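Undergrad: Residue-level listing of the chains:
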Amino acid sequence: MSLAVPRSAPDAPPPPLSDDARRVVADALERLAELPGALLPILHAIQDGLGHVPPAAVPLIAEALNLSRAEVHGVISFYHHFRTVAPGRHVLRLCRAEACQAMGARALEARLLERTGVDFHGTTADGALTIEPVYCLGNCACAPSLMLDDEVHGRVDADALDALLDEVRR
Amino acid sequence: MSVTVYVPGDSSALAVGAGRVARAIAAQAESRGLPVELVRNGSRGAYWLEPLVEVATPAGRIAYGPVREADVSSLFDAGFLDGGDHALALGATDDIPWFANQERLCFRRVGLIDPLDLDAYAAHGGWAGLDAALGMTGADIVKAVTDSGLRGRGGAAFPTGIKWNTVLGAQADRKYIVCNADEGDSGTFSDRMIFEGDPYLLVEGMAIAGIAVGATMGYVYLRSEYPHAFRLFREAIERATAAGILGADVRGSGRTFDLEVRLGAGAYICGEETSLLESLEGKRGQVRFKPPLPALKGLFGKPTVINNVISFASVPDILARGAAWYRDYGVGRSRGTLPIQLGGNLKRGGLVEKAFGVTLRELLYDWGGGSASGRPIRAVQVGGPLGAYLPESQFDTPLDYEAFAALSAMLGHGGIVAFDDSVDMLEQARFAMAFCAIESCGKCTPCRIGSTRGVEVVDRIRASLDREKNLALLRSLSDTMLNGSLCALGGLTPYPVLSALNHFPEDFAPRVAGASASEAARA
Numbered sequence: 001m002s003l004a005v006p007r008s009a010p011d012a013p014p015p016p017l018s019d020d021a022r023r024v025v026a027d028a029l030e031r032l033a034e035l036p037g038a039l040l041p042i043l044h045a046i047q048d049g050l051g052h053v054p055p056a057a058v059p060l061i062a063e064a065l066n067l068s069r070a071e072v073h074g075v076i077s078f079y080h081h082f083r084t085v086a087p088g089r090h091v092l093r094l095c096r097a098e099a100c101q102a103m104g105a106r107a108l109e110a111r112l113l114e115r116t117g118v119d120f121h122g123t124t125a126d127g128a129l130t131i132e133p134v135y136c137l138g139n140c141a142c143a144p145s146l147m148l149d150d151e152v153h154g155r156v157d158a159d160a161l162d163a164l165l166d167e168v169r170r
Numbered sequence: 001m002s003v004t005v006y007v008p009g010d011s012s013a014l015a016v017g018a019g020r021v022a023r024a025i026a027a028q029a030e031s032r033g034l035p036v037e038l039v040r041n042g043s044r045g046a047y048w049l050e051p052l053v054e055v056a057t058p059a060g061r062i063a064y065g066p067v068r069e070a071d072v073s074s075l076f077d078a079g080f081l082d083g084g085d086h087a088l089a090l091g092a093t094d095d096i097p098w099f100a101n102q103e104r105l106c107f108r109r110v111g112l113i114d115p116l117d118l119d120a121y122a123a124h125g126g127w128a129g130l131d132a133a134l135g136m137t138g139a140d141i142v143k144a145v146t147d148s149g150l151r152g153r154g155g156a157a158f159p160t161g162i163k164w165n166t167v168l169g170a171q172a173d174r175k176y177i178v179c180n181a182d183e184g185d186s187g188t189f190s191d192r193m194i195f196e197g198d199p200y201l202l203v204e205g206m207a208i209a210g211i212a213v214g215a216t217m218g219y220v221y222l223r224s225e226y227p228h229a230f231r232l233f234r235e236a237i238e239r240a241t242a243a244g245i246l247g248a249d250v251r252g253s254g255r256t257f258d259l260e261v262r263l264g265a266g267a268y269i270c271g272e273e274t275s276l277l278e279s280l281e282g283k284r285g286q287v288r289f290k291p292p293l294p295a296l297k298g299l300f301g302k303p304t305v306i307n308n309v310i311s312f313a314s315v316p317d318i319l320a321r322g323a324a325w326y327r328d329y330g331v332g333r334s335r336g337t338l339p340i341q342l343g344g345n346l347k348r349g350g351l352v353e354k355a356f357g358v359t360l361r362e363l364l365y366d367w368g369g370g371s372a373s374g375r376p377i378r379a380v381q382v383g384g385p386l387g388a389y390l391p392e393s394q395f396d397t398p399l400d401y402e403a404f405a406a407l408s409a410m411l412g413h414g415g416i417v418a419f420d421d422s423v424d425m426l427e428q429a430r431f432a433m434a435f436c437a438i439e440s441c442g443k444c445t446p447c448r449i450g451s452t453r454g455v456e457v458v459d460r461i462r463a464s465l466d467r468e469k470n471l472a473l474l475r476s477l478s479d480t481m482l483n484g485s486l487c488a489l490g491g492l493t494p495y496p497v498l499s500a501l502n503h504f505p506e507d508f509a510p511r512v513a514g515a516s517a518s519e520a521a522r523a
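Listed in order, the protein sequences are those of chains A and F. For the first sequence, this note's numbering gives the first residue as 1, with consecutive numbering after it. For the second sequence, this note's numbering gives the first residue as 1, with consecutive numbering after it.
Bound conformation, chain A alone:
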């Protein structure tokens, strides 16, 4: 009987950054690394540029900010906004909070997941749409609400949702 502690296989190294991605990361670090508390602004700049924060960017960020990779990873995974895989061409955030619940958001959510065939954080097979939950868009007097890319839509009923889905998947 072996006394060796069983060890899980080390994670495969993340896929390397493309040249474009490398430029976006380098530019963010160049512009922002000197800010006090620079990590969130840097992560935002990378995600705005690439749609996500690629795992291969973590060592570069850690190096530039004199942090450990674990610290950078810990921050990325703490915040719901940051994602580590590329989203679809569009991102739809459906509000699941109380004001929208009071106006039928639970039914809207069921319809959205059923029509797209994915769960939250999933991307449709055609790569058109990533679905994410959000807890309040500040549109509570015009509920239920969703945000498609950067644009908020209010008073969303089943028909309006269907129309938006048809539009982005065309």
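Worth flagging that the hints you see were computed from the coordinates, not collected in a lab. All values derive from a computational prediction rather than experimental measurement. Any given hint could be a false lead.
[What the hints assert, rightly or not] Some chain F residues judged to face chain A by a derived CB distance under 10 Å, without partners named: (1) Val16; (2) Arg192; (3) Gly349; (4) Leu351; (5) Ala355; (6) Gly415; (7) Ala437; (8) Ile438.
Glycine included, every Cβ here is placed at the ideal spot set by N, Cα and C.
Model the placement of chain F on the given structure of chain A, informed by the hints.
TA: Here is chain F on its own, set in the frame of chain A:
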């Protein structure tokens, strides 16, 4: 001469079509050869009337709403540029009772002007508070804020002046002003409306705080769910800096105050002040132990004033008009006004600013117009996802911090969310626990683990497994979270849970197969 037409650029108005309406008005004016100057104002806050189009006439601003893109042509046909009559005509905006019966102090400019227009801000009384402050000692400014009775509008209702006084008295080479704009509570949008409707008001309030306590740098921590507000506010900072209002010589006084806006990243917990500071420092948004207070060891370990948007936005008028003027509004220990946000299932939702003392019933029915669905209002959640659910028997409660505390409820940031009688209160209790589980920072056990156990216990109650034992367990768990959590997230999550249980026990009773809770209760 061109006619000025106002179409809001506020993100909620845009969410219901204001952008399309503005484009249609511009196109119609062009094709009809009528000179129109379009102003993209903030929203007046009557979201039930959005998109609300206003026309400047010699008799004042005339309102039309809610205007759809398809209505624009007929508005021109009706001569709306001269205030002509139309099915959507609402008369003079200021005379609409929904507005006329409010007491707008903080929000008096919101919806009136182009939010980025510095001249309009100054013409409507802007900078009077800052100019007054620049002629006063720090101690006198703090005294005015203390005497006004202003309490933190983010939810905790701590006296603002006392917080400022602690920072004023702290000795340090650097101090900071931080604005908590992580408006995460469902049912709240007043901070967003300030960013999108009157951003210089926040600039002015924060600059006054800096002058008062001797801080030269301010940060605004704005939630990432508000990208539109972020773009607007960044532009406002640039313009205010270019105009010499911010920077090394604030309005020619020789004093320095700089401002920067930072985006959050979708963590509800970052509305908790110490977690927000951690996040601003570039870390996970985990709650800090207190003491030390942020007023003594806050951002980057330096003395820090951290207040909500509405707290800062209330300050300029207090300086311009005096503490007594502000204190004259309100009741008991709740002085001044509260921007109340009516959301959820209401016919006339939006922003109502009133002095403390107005009752929930007045807000729900006189302003809110009852439910949007036409069914009876059954439950109202006040103060966001950590606020209690109030039943109809408590609708006569006045909006007053102490009156709400006496009901084991809270006013929080002033959000009111109405539910009609189709609501399942067991589901709402379950959601409160589930939300806490999703948003817990993980630092303390009652919140991190209690919330997950809470969801499981509610599920067992719904499934009628050991009902009485699990109901007792839910109360015991709530007690642990209330008393054992490090911050308000775990500490207040029991409010919606226990209020649902106490006021709507029928929804926790055994269910007829296939029936919803409220149907089962009536059966």
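Undergrad: Is the interface hint satisfied for F:Val16? The criterion is a beta-carbon contact with chain A at less than 10 Å.
TA: holds, 5 Å
Undergrad: Using the nearest Cβ pair, does F:Gly415 come within less than 10 Å of chain A?
TA: holds, 7 Å
Undergrad: Minimum Cβ distance from F:Arg192 to chain A below 10 Å?
TA: holds, 4 Å
Undergrad: Using the nearest Cβ pair, does F:Ile438 come within less than 10 Å of chain A?
TA: Holds, about 8 Å.
Undergrad: When the nearest CB of chain A is found for F:Leu351, is that gap smaller than 10 Å?
TA: holds, 8 Å
Undergrad: Given F:Gly349 was flagged as interface, is its beta-carbon under 10 Å from a beta-carbon of chain A?
TA: Because about 3 Å separates F:Gly349 from the closest Cβ in chain A, which is inside the 10 Å limit, the hint holds.
Undergrad: Hint validation: F:Ala437 versus chain A, beta carbon distance must be below 10 Å. Holds or violated?
TA: violated, 12 Å
Undergrad: Interface hint check: F:Ala355, Cβ to nearest Cβ on chain A, cutoff 10 Å. Holds or violated?
TA: Not OK, violated: F:Ala355 not within 10 Å of chain A, min 21 Å.
The structure is inconsistent with the numbered hints 5 and 7, although it conforms to all the rest.
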